[in-house]
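Student: If you're matching them up, the sequences are chains A and B in order. Using our numbering, the first residue of the first sequence is number 77, and each one after it goes up by one. Using our numbering, the first residue of the second sequence is number 16, and each one after it goes up by one.
No wet-lab data here; the hints were simulated from the structure. Hints are supplied without guarantee of correctness; some may be wrong.
[Claimed, not checked] DSS-like mimics (lysine-lysine), calculated; alpha carbons at most 25 Å apart, straight line:
| no. | chain 1 | residue 1 | chain 2 | residue 2 |
| --- | --- | --- | --- | --- |
| 1 | A | Lys-343 | A | Lys-308 |
| 2 | A | Lys-426 | A | Lys-380 |
| 3 | A | Lys-160 | B | Lys-79 |
| 4 | A | Lys-349 | B | Lys-33 |
| 5 | A | Lys-302 | A | Lys-292 |
| 6 | A | Lys-415 | B | Lys-38 |
| 7 | A | Lys-157 | B | Lys-79 |
| 8 | B | Lys-37 | A | Lys-415 |
| 9 | B | Lys-78 | A | Lys-449 |
| 10 | A | Lys-380 | B | Lys-33 |
| 11 | A | Lys-92 | B | Lys-26 |
| 12 | B | Lys-26 | A | Lys-136 |
| 13 | B | Lys-26 | A | Lys-160 |
| 14 | B | Lys-33 | A | Lys-148 |
| 15 | B | Lys-52 | A | Lys-372 |
| 16 | A | Lys-415 | B | Lys-78 |
| 17 | B | Lys-26 | A | Lys-449 |
| 18 | A | Lys-112 | B | Lys-33 |
| 19 | A | Lys-298 | A | Lys-349 |
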Amino acid sequence: MEIKKKIKQFLDEIEKNNKKGKAINAILEINKNAEKESGKGKLSGKVIAVKSNINVRGMKTSCASRTLENYKAGYDATVIKKIKKEGGIIIGMTNMDEFASGSSGETSYFGPTKNPAAIALIPGGSSSGSAAAVAAGFCDMSLGSDTGGSIRNPASHCDIIGVKPSYGLVSRYGLIDLSMSLDQIGPFAKTVHDAALLLEVIAGHDEKDSTTFNVKIPEYSKQIEKIPKSIKIGISKDFEELCQDKRINKLIEEAIERLCKEYGWQKKSVSLKYVDLAVQTYYPLCYVEFFSATRKFDGRRFGKKIEEVCGPEVLRRILGGSEISRAEFHGLYYRRALKVKELIKRDFEKAFKECDIIICPTVPKLPHKIGSKISAEEMYSYDAFTIPANLSGICALSIPCGKIDDVPVGMQIMASAFQETKMLQVARAFEKLTEK
Amino acid sequence: MENFLWHHVSKEEAEQIKREAKKIMDSFARAIASVEKEISEMPFVERKEQIREESEKKSLQDKKFRDIMFENAPEKEQDYLKAERGKWK
Numbered sequence: 077m078e079i080k081k082k083i084k085q086f087l088d089e090i091e092k093n094n095k096k097g098k099a100i101n102a103i104l105e106i107n108k109n110a111e112k113e114s115g116k117g118k119l120s121g122k123v124i125a126v127k128s129n130i131n132v133r134g135m136k137t138s139c140a141s142r143t144l145e146n147y148k149a150g151y152d153a154t155v156i157k158k159i160k161k162e163g164g165i166i167i168g169m170t171n172m173d174e175f176a177s178g179s180s181g182e183t184s185y186f187g188p189t190k191n192p193a194a195i196a197l198i199p200g201g202s203s204s205g206s207a208a209a210v211a212a213g214f215c216d217m218s219l220g221s222d223t224g225g226s227i228r229n230p231a232s233h234c235d236i237i238g239v240k241p242s243y244g245l246v247s248r249y250g251l252i253d254l255s256m257s258l259d260q261i262g263p264f265a266k267t268v269h270d271a272a273l274l275l276e277v278i279a280g281h282d283e284k285d286s287t288t289f290n291v292k293i294p295e296y297s298k299q300i301e302k303i304p305k306s307i308k309i310g311i312s313k314d315f316e317e318l319c320q321d322k323r324i325n326k327l328i329e330e331a332i333e334r335l336c337k338e339y340g341w342q343k344k345s346v347s348l349k350y351v352d353l354a355v356q357t358y359y360p361l362c363y364v365e366f367f368s369a370t371r372k373f374d375g376r377r378f379g380k381k382i383e384e385v386c387g388p389e390v391l392r393r394i395l396g397g398s399e400i401s402r403a404e405f406h407g408l409y410y411r412r413a414l415k416v417k418e419l420i421k422r423d424f425e426k427a428f429k430e431c432d433i434i435i436c437p438t439v440p441k442l443p444h445k446i447g448s449k450i451s452a453e454e455m456y457s458y459d460a461f462t463i464p465a466n467l468s469g470i471c472a473l474s475i476p477c478g479k480i481d482d483v484p485v486g487m488q489i490m491a492s493a494f495q496e497t498k499m500l501q502v503a504r505a506f507e508k509l510t511e512k
Numbered sequence: 016m017e018n019f020l021w022h023h024v025s026k027e028e029a030e031q032i033k034r035e036a037k038k039i040m041d042s043f044a045r046a047i048a049s050v051e052k053e054i055s056e057m058p059f060v061e062r063k064e065q066i067r068e069e070s071e072k073k074s075l076q077d078k079k080f081r082d083i084m085f086e087n088a089p090e091k092e093q094d095y096l097k098a099e100r101g102k103w104k
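For reference, chain A alone in the conformation it holds in the complex:
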């Protein structure tokens, strides 16, 4: 299809259902120069939306906050430079939980995002707009960031694919950080091929981000068509016991059975005895690193002073982070959490000696209705199955696995650090089964 026509179709759909019609509220700003920016390369003709915490020169990088509501990015993040170099077209900036602080897509200053796959329910977060934009047909692909599940959780609720790369695979230069030791930028798409393609473009060493590894990046989009002959699928009772909706467990078990039957793969029971501490380990790290990261939002060089204009969840993390990083609590919260993080990492390293991938549900429960009253602890528990991958630095993705009461359920596939090829091959193998 001619690119101008394609862009127009997406813009028409945004006009019809973003603020009006279904009022998905996934897109915060349209790139008026989208058409002019199309070029040649691996992403030629692909239309991409970007989470509002990733800098795109000349566009508003608001983090869906009043703090930065008029902040315009002065430069392109490394991932954006790479996308533009490969001919990708940035169509606009997406809604999100304010400063990526949320798991539901409800905490945005610009209003909650709706779930195109289940309109009354949350789309998940924090990359709510990026997931909803793909699911609603506002773009081909999108970028999100994942600190504790912020790509995989909304991918699961919105019935699309979302990939959290291994820590150090993708440059974070130009990403406004939530928790610098855990953040990773990754793709959303409707197919494994498109997710793999966008990942292979944005991955790679960057001298501007010292945490990136200098590893050779395979052509994931081509490699995924090779179905591995032998795969040991790790299954952990520890996840099963934590799952709050047993119907979700059943759906995942059936999917694993289908994979084993169709491809002759094996199941292997693995122990992950510390995953029940993932949420309790993650939040002290997140609170403290977020408190540190937000000290630059003092209203001097740009925006407004964050504490004066932010919403309740952002304030909770700032005040909590400030409190527990006080000298009198030295070692009690952050340092201890770092040690448990290491325990969880070792747990996964041990498990991956016995299996090739680990499969579990992406989210342990179905999404709630937008605006429901729930406690912070209940909200945090949405990420119980996704946080372990961030704490251990491994790669993980969510792929649609079926529906319960017409609500999408995602299956999480995890692999060792930098084993994205294997993880995507398994996802593609599963996708082929669902195409039948």
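With chain A fixed as given, assemble chain B onto it according to the hints.
Tutor: Leaving out everything else, chain B in the frame of chain A:
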């Protein structure tokens, strides 16, 4: 119990949020204490102080970057960003 929709936070609510945040962190710290034995036996490498070398910023020679930076600034005068001492505290 509350919903998670964005709303303006009053001073009273901010105080309540602060207390709640500490309470949540305390409950998480208690949960982590269940593996106290395992983590007390783990070696912990202290990070040495590291300071990034600053080089001349090319971005400041980029006119568009400079224009956007000034556009973003709440208060400015000619070539300067204005900030009162201690205003951000």
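Student: Could you tell me which of the hints above the structure violates, numbers in ascending order?
Tutor: Hint check: 2, 4, 9, 11, 12, 13, 14, 15, 16, 18, 19 fail, others pass.
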